[in-house]
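Chemist: What follows is each chain in one-letter form.
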Amino acid sequence: MTRLPVKKTYKLFIGGEFPRSESGRTYLAEDQNVARASRKDVRDAVRAARQAQPKWGGMTAYNRGQVLYRVAEMIEARRDEFADLSTGAEEVERAIDRFVWYAGWADKLAQVVGSSNPVSGPYFNFTVPEPTGVVGILAPAEPPLAGLVSRLAPPLVGGNAVVAVASEAHPLAAIELAEALATSDVPGGVVNILTGHRAELAPVLAGHMDVNALDVTGEDGDVAELERLAAENVKRVVRGNRDGQSAWEAAAFLELKTVWHPIGV
Amino acid sequence: MGGGGLGPPGPAEPMSKLDRRGDRAPIPSAWEYAPAPESREIVALEERYGSFVNGEFVEPRSGEYYTTIDPAREEPLAEIAQSGPEDVALAVDVARAAFENGWSSRPASERSKYLFRIARLLQERSREFAVLESLNGGKPIRESRDVDLPLAAAHFFYYAGWADKLEYAFPNRRPRPLGVAGQIIPWNFPLLMLAWKIAPALAAGNTVVLKPAETTPLTALLFCDLLRQADLPPGVVNIITGDGRTGAALVKHPGVDKIAFTGSTEVGKAIKRELAGTRKSLTLELGGKAANVIFDDAALDQAVEGIVNGIYFNQGHVCCAGSRLLVQESIYEPVIEKLKRRLTTLRIGDPLDKNTDVGAINSRQQLDKITELVDSGKEEGAEIYQPPCRLPERGYWFAPTVFTNVAQSYRIAQEEIFGPVLSVLTFRTPDEAVEKANNTPYGLSAGVWTEKGSRILWMAERLRAGVVWANTYNRFDPASPFGGFKESGFGREGGRHGLEPYLGFDGAEASGG
Numbered sequence: 001m002t003r004l005p006v007k008k009t010y011k012l013f014i015g016g017e018f019p020r021s022e023s024g025r026t027y028l029a030e031d032q033n034v035a036r037a038s039r040k041d042v043r044d045a046v047r048a049a050r051q052a053q054p055k056w057g058g059m060t061a062y063n064r065g066q067v068l069y070r071v072a073e074m075i076e077a078r079r080d081e082f083a084d085l086s087t088g089a090e091e092v093e094r095a096i097d098r099f100v101w102y103a104g105w106a107d108k109l110a111q112v113v114g115s116s117n118p119v120s121g122p123y124f125n126f127t128v129p130e131p132t133g134v135v136g137i138l139a140p141a142e143p144p145l146a147g148l149v150s151r152l153a154p155p156l157v158g159g160n161a162v163v164a165v166a167s168e169a170h171p172l173a174a175i176e177l178a179e180a181l182a183t184s185d186v187p188g189g190v191v192n193i194l195t196g197h198r199a200e201l202a203p204v205l206a207g208h209m210d211v212n213a214l215d216v217t218g219e220d221g222d223v224a225e226l227e228r229l230a231a232e233n234v235k236r237v238v239r240g241n242r243d244g245q246s247a248w249e250a251a252a253f254l255e256l257k258t259v260w261h262p263i264g265v
Numbered sequence: 001m002g003g004g005g006l007g008p009p010g011p012a013e014p015m016s017k018l019d020r021r022g023d024r025a026p027i028p029s030a031w032e033y034a035p036a037p038e039s040r041e042i043v044a045l046e047e048r049y050g051s052f053v054n055g056e057f058v059e060p061r062s063g064e065y066y067t068t069i070d071p072a073r074e075e076p077l078a079e080i081a082q083s084g085p086e087d088v089a090l091a092v093d094v095a096r097a098a099f100e101n102g103w104s105s106r107p108a109s110e111r112s113k114y115l116f117r118i119a120r121l122l123q124e125r126s127r128e129f130a131v132l133e134s135l136n137g138g139k140p141i142r143e144s145r146d147v148d149l150p151l152a153a154a155h156f157f158y159y160a161g162w163a164d165k166l167e168y169a170f171p172n173r174r175p176r177p178l179g180v181a182g183q184i185i186p187w188n189f190p191l192l193m194l195a196w197k198i199a200p201a202l203a204a205g206n207t208v209v210l211k212p213a214e215t216t217p218l219t220a221l222l223f224c225d226l227l228r229q230a231d232l233p234p235g236v237v238n239i240i241t242g243d244g245r246t247g248a249a250l251v252k253h254p255g256v257d258k259i260a261f262t263g264s265t266e267v268g269k270a271i272k273r274e275l276a277g278t279r280k281s282l283t284l285e286l287g288g289k290a291a292n293v294i295f296d297d298a299a300l301d302q303a304v305e306g307i308v309n310g311i312y313f314n315q316g317h318v319c320c321a322g323s324r325l326l327v328q329e330s331i332y333e334p335v336i337e338k339l340k341r342r343l344t345t346l347r348i349g350d351p352l353d354k355n356t357d358v359g360a361i362n363s364r365q366q367l368d369k370i371t372e373l374v375d376s377g378k379e380e381g382a383e384i385y386q387p388p389c390r391l392p393e394r395g396y397w398f399a400p401t402v403f404t405n406v407a408q409s410y411r412i413a414q415e416e417i418f419g420p421v422l423s424v425l426t427f428r429t430p431d432e433a434v435e436k437a438n439n440t441p442y443g444l445s446a447g448v449w450t451e452k453g454s455r456i457l458w459m460a461e462r463l464r465a466g467v468v469w470a471n472t473y474n475r476f477d478p479a480s481p482f483g484g485f486k487e488s489g490f491g492r493e494g495g496r497h498g499l500e501p502y503l504g505f506d507g508a509e510a511s512g513g
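Line by line, the protein sequences give chains C and Z. Here the numbering used here is used: the first residue of the first sequence is 1, the next is one more, and so on. Here the numbering used here is used: the first residue of the second sequence is 1, the next is one more, and so on.
Just so you know, these hints were derived from the structure itself, not from any lab. Note that the coordinates shown come from a computational prediction; the quantities given were computed from them, not determined experimentally. Positions of the beta carbon are idealized from the N, C-alpha and C atoms, including for glycine. A few of these clues could be false.
What follows is a list of derived Cβ distance ranges for each label pair [what the hints assert, rightly or not]:
(1) Pro-388(Z) - Ala-224(C): 49 to 59 angstroms
(2) Lys-108(C) - Gln-386(Z): 47 to 57 angstroms
(3) Tyr-168(Z) - Ser-120(C): 17 to 27 angstroms
(4) Leu-28(C) - Glu-100(Z): 45 to 55 angstroms
(5) Glu-22(C) - Ala-89(Z): 30 to 40 angstroms
(6) Arg-79(C) - Asn-439(Z): 40 to 50 angstroms
(7) Asn-63(C) - Asp-297(Z): 28 to 38 angstroms
(8) Lys-452(Z) - Asn-63(C): 22 to 32 angstroms
The following block holds chain C by itself, in its conformation from the complex:
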């Protein structure tokens, strides 16, 4: 007798858990029924991200680096599954190495981005980078895994929490990544991944008053409307590289804080 395989239900990743869309909707992508998130799911994801961010951002940079390195380990462990869901082994290796590369940046960004400032007076003055907060990501349509990883890792290494909308046409790699993240040491809520219709979700994320930055790298078309929505709470709108790595990609999700103190006895 042949065994009946157990089929996976493709769900959202919010607050470290895998809920169905509250709307109960799904859509067909890559021959699978995938959860089709609603605006309420976006709101839940933003709430989870906001709640998780202070702990993630407050962690020592050394720890954050280790946690991100562990993500690379988790992807490596599932490399065959990822290869099936992406363009192949090469893309998976790129994604793994990218997490490793960014993991190494965690405790170096402040030294490259920050400064101590020689002001004209008896003051000690220094500038340090801090996470922007909650970052909304519209992941590139392709490559399905490396594209998402390229946009996810830069805000994460700086201590931000993210809400990412996966590639609409190729969401399965994103869901697989969510499962890898859930088994890693990244605290629940730091990464939230939504699948669904981009046109429906992007404006909600862009206009959300508790999202601090919006990454539109993955948007192919005109982003004018998203930018207009983002203006409402002065979101930082970031355009980066959809499949590359740079410290400046991470710096785009950092705020600079300058501290003054008098020097005296």
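Chain C is fixed; fit chain Z onto it per the hints.
Modeler: Then chain Z, alone, in the frame of chain C:
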């Protein structure tokens, strides 16, 4: 700081004339000052000014002018061009031509030397600029002379040195200028904001079209004269005057590569919406509602000085003003008492008088806005205190104001007043202080007063603000990056970081805006 040793006042001193409190030495109840006005003769004004385009003052195409006034006397000073879209277009074209015909390809060391020259000339002519700044803007001459002018000159001097060292500021990133920078500045620090905008833009190799604020164009126009004196090539810096419509035309012009705006959050958002989809680079330095947090172990007298400087400096027309005072409950009474007492010694009046601490409100419109918000504070139930002071009959004035019994939800605790109005709130624990300090949409600046070093750093980590002043307030320096979190804007001015908004970098690299 022992209180003893002074002894009781001798019998020769009539007690009635002395105000004696606790351990203080007796001081007269009021100091008499003779007026010490700075002469305005050093300033020679034209009757009418065109915009400064291609090294020349040009008439506006429309022939339309408006009158700029002295807000302390409500007297007209000069006629100023109301530039329209055609005037803006001309200035942008000229700036583009200057950019392409040599400015950007000129040796960086030459750019550097022009900026050094400008810095030196500003130092040389600082009295003239300071008097004009106070005349047109209403700020005390003591501040324009000791703060605005030295800092403006220092800003040019600082960025002069960067102009030929950009590859050290951004190693391996191959920095290049963006092109034409459109810059719009506010009326609170007219010349200093001009310096903050123009110095890094030129150091990075851009050319500039700058629009000064409608009410305070005169030092920017005098600066044009200085540029000619410095032999800056025509078209590298163009100054176009006018109201908000002129600014809007500059923002919309397709020939502008970068917009830098300092002003209200409302206008900043409108600019961001306007630029949506254009890929023009943008930096915004917007409003604030900073908390000045004072703990029970702070050096109270110093802290009170800092609080006063934080909110009454420049009539409170400061985006990073410490407009919310968060006092730890256990020291609420002594702090309020000291604060009120200090307020009675502030001298309000003629901006050109060297004794003046608080000058005139910049415009009728701003005075109305302050009055409206202060009325709302009274209506919502806050308790108002203003020291007894005589305000001049002519001009725009507002007495230094403290509100106590303020709830976080009151408009005076949430909205930027941009006037000499302080809202006092209290807290018990450091956590509560952080939560209240961060509880506005803004995030420009914050202050902390405590003698405990570890607490300073703990607070500094948690305050969501671009600048944190600990045991000091309202300090500025060209080497120190300035700019906001959240709805206070993005991008930094000052320091190495202040160059970045005016540069492009080769290759794929994230860009914000």
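Chemist: Take the hints in turn and mark each one as holding or not.
Modeler: Hints versus structure:
Look at Pro-388(Z) against Ala-224(C): about 55 angstroms separates their beta carbons, and that is inside 49 to 59 angstroms. Take Lys-108(C) and Gln-386(Z): their Cβ atoms lie about 52 angstroms apart, and the range 47 to 57 angstroms holds. At about 21 angstroms, the CB distance of Tyr-168(Z) to Ser-120(C) agrees with the hint of 17 to 27 angstroms. Range check, Leu-28(C) to Glu-100(Z): about 53 angstroms between beta-carbon atoms, so the 45 to 55 angstroms window is met.
At about 52 angstroms, the CB distance of Glu-22(C) to Ala-89(Z) disagrees with the hint of 30 to 40 angstroms. Taking the beta carbon of each, Arg-79(C) and Asn-439(Z) are about 46 angstroms apart, inside 40 to 50 angstroms as hinted. A C-beta distance of roughly 32 angstroms is found between Asn-63(C) and Asp-297(Z), which places it inside the suggested range of 28 to 38 angstroms. Taking the beta carbon of each, Lys-452(Z) and Asn-63(C) are about 26 angstroms apart, inside 22 to 32 angstroms as hinted.
The structure fails hint 5 only (numbered hints given earlier).
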